[in-house]
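So the sequences go chain by chain: A and B. Per the working numbering, the very first residue in the first sequence carries number 1250; after that it's consecutive. Per the working numbering, the very first residue in the second sequence carries number 68; after that it's consecutive.
Just so you know, the hints here were simulated from the structure itself, not pulled from any lab data. Think of the CB as a built atom: it goes at the ideal place given N, C-alpha and C, for glycine as much as any other residue. Fair warning: there could be bad hints in the mix.
Unchecked claim - In silico negatives: residues of chain A with every beta carbon more than 10 Å from chain B:
| hint | residue |
| --- | --- |
| 1 | Val-1308 |
| 2 | Leu-1313 |
| 3 | Gly-1349 |
| 4 | Arg-1357 |
| 5 | Ile-1370 |
| 6 | Ile-1468 |
| 7 | Asp-1476 |
As the list claims (entries may be wrong) - Computed spacing ranges between beta-carbons, pair by pair:
| hint | chain 1 | residue 1 | chain 2 | residue 2 | range |
| --- | --- | --- | --- | --- | --- |
| 8 | B | Gly-131 | A | Lys-1467 | 18 to 28 Å |
| 9 | B | Gly-131 | A | Asn-1478 | 43 to 53 Å |
| 10 | A | Pro-1475 | B | Gly-168 | 51 to 61 Å |
| 11 | A | Thr-1340 | B | Lys-74 | 34 to 44 Å |
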Amino acid sequence: MSEEKNIIQPAEQASKFVNPLYAKREVTGPDGIKFIVDPLRDYFSDQRPQIYEPNSIPVIEKFLNWARAESLWVLGFGTGCGSIEIAPLLTPRFDAFRYGVMPRPTPRQSNVFIISGYLSIKTLKRVVRSYEQMPNPKYVLALGSCTINGGMYYDSYNTINRLDHYIPVDAYVAGCMPRPEALLAGFNKLKELIKDGKAENANEYAKNFDWYKANQKKIIKDWNMPDYNW
Amino acid sequence: MDFDFEKIGFTLLGLFIVLNWGLLMGAAMRKLGARVGRRYGIPWFQPWINLFKNYAIRSTLSHGIMFYLGPVFRLSGGIGLFLFMPMIIGSQLWLNYSFQGDLVLIMYFQFFGMLGMALGAGESGHPYSAIGISRGLSQFTTIELPLTLAIISIAVQYNTLSIIDIVQAQQGGFMNWTVFTNPVATVAAMLSLLGVLSHSPFNLVNAPNENPIGPPTEYHGSFLGVLQTNRAILHVVEAALFMNLFFGGATNWFEFFMKTFLIYFWSVFVGVVFPRYRIEQSVSWFLKVPLVLGVLAVILYM
């Protein structure tokens, strides 16, 4: 991976997408002092993601990895047409609850992010935001061939082709569309990776943050959020 | 002041038993719900795994001091309820720190955790939290009304505010239980128990698929672990309160497990049958049947 620097967006390009209400401007305070207000930037944090080392005692880390693997909470965010395959997982026929899989409605409480199929650029922005808001041991399960090489949308003007240029992926489930059984097999593969201690992609994301950010900013033109949504 | 280390040890052991019993009952509840939906359901040890995983989340994020204190208040509400609740009658060691007039304190502790949680979740700044809190507080206020009236009726009936005295007055055969001596108050309280345990008809506040997911929207990692711990303790202690007030208390742990299980599963059985109420429906429901029964129970014993 190349160590490119963060791409700073040109000012005129950025201002094109910003609501005039949130534009940078000079304001006179009640006591006559003039100061510059940048409403978007003022609420942003410049904090970068941190690397959280695994527990130094191997037995404890192994036990915690087992607990993480057996309790996969999925972020319920249908990103592409593959999300239609997620709903049957919770029905009596497939019943993913048996394997400790449970949907959660908020990124703060979830550990697995399922990217279900193609990602349009508009959705990629929300995906990045949601991924970064998830707490540290976090895993990405990419569903369908669209996330591998673009699939049938490989030449589309507004979808991305390779997901792992933008967020790190732990396991792929190939197919168009993969059936729920394939998704369950993907969960089992993810469990093996977690139990072996190989699913440390949250730390990889923090290590190669600049590379991922540069790739994201190449695609997302109207970048009006912090570099890292902590 | 001299410390009774034996009593402290037995209280901590009781807390440990109650926590594990609560987690096991939670798993049984989800298993039952799954079987009713023709699913296999979670493994019985899933709540413990979820708890370990949540405490082992590496990165946590705080929105301020009150955000930290919200789960702490909630947990101290649950443990406070436990501390003043006699578990096993007839044994000095399992009475915890129950004293004369603990019924009033327990009524207070029921609301205490909820108010702390409201302050904490409010500081997270998430709009779903604010909506969840306003729904939760308005629902719980109407739940408390019939419950308080039923408890006033019992206090008048037994002429005491001590839970131990109330339990001892019910000893000597099941016909002495409050459920037979004061059925109107029992019905009013058991209907409000459905809301206190917040299972299906009255679980809109924390429903993941209506309003993701109410007050704990921003809580994650160990914060959420504390909330889960409290939920397990609170469910057993609430069931123990109803066991003491209406069903003759328990004289050994086996009786305690049987009675709390049946009381808890009264709300689970109702929950798997009835779909979820909207908040204005549940508020008006609690202000109709249970409230009228509560008023009737007080009038009958005046």
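Results for each hint:
1. Val-1308: 14 Å, holds
2. Leu-1313: At about 4 Å from chain B, Leu-1313 (chain A) fails to clear the 10 Å cut-off, so the statement is violated.
3. Gly-1349: 6 Å, violated
4. Arg-1357: 4 Å, violated
5. Ile-1370: 25 Å, holds
6. Ile-1468: 26 Å, holds
7. Asp-1476: Per Cβ check, Asp-1476 (chain A) is outside 10 Å of chain B; nearest 16 Å; holds.
8. B:Gly-131 / A:Lys-1467: 18 to 28 Å: Since the Cβ atoms of Gly-131 (chain B) and Lys-1467 (chain A) sit about 36 Å apart, the hinted range of 18 to 28 Å is violated.
9. B:Gly-131 / A:Asn-1478: 43 to 53 Å: Taking Cβ atoms as reference, Gly-131 (chain B) and Asn-1478 (chain A) lie about 18 Å apart, which means the hint is violated.
10. A:Pro-1475 / B:Gly-168: 51 to 61 Å: Holds - the Cβ-Cβ distance for Pro-1475 (chain A) and Gly-168 (chain B), about 54 Å, lies within 51 to 61 Å.
11. A:Thr-1340 / B:Lys-74: 34 to 44 Å: 51 Å, violated
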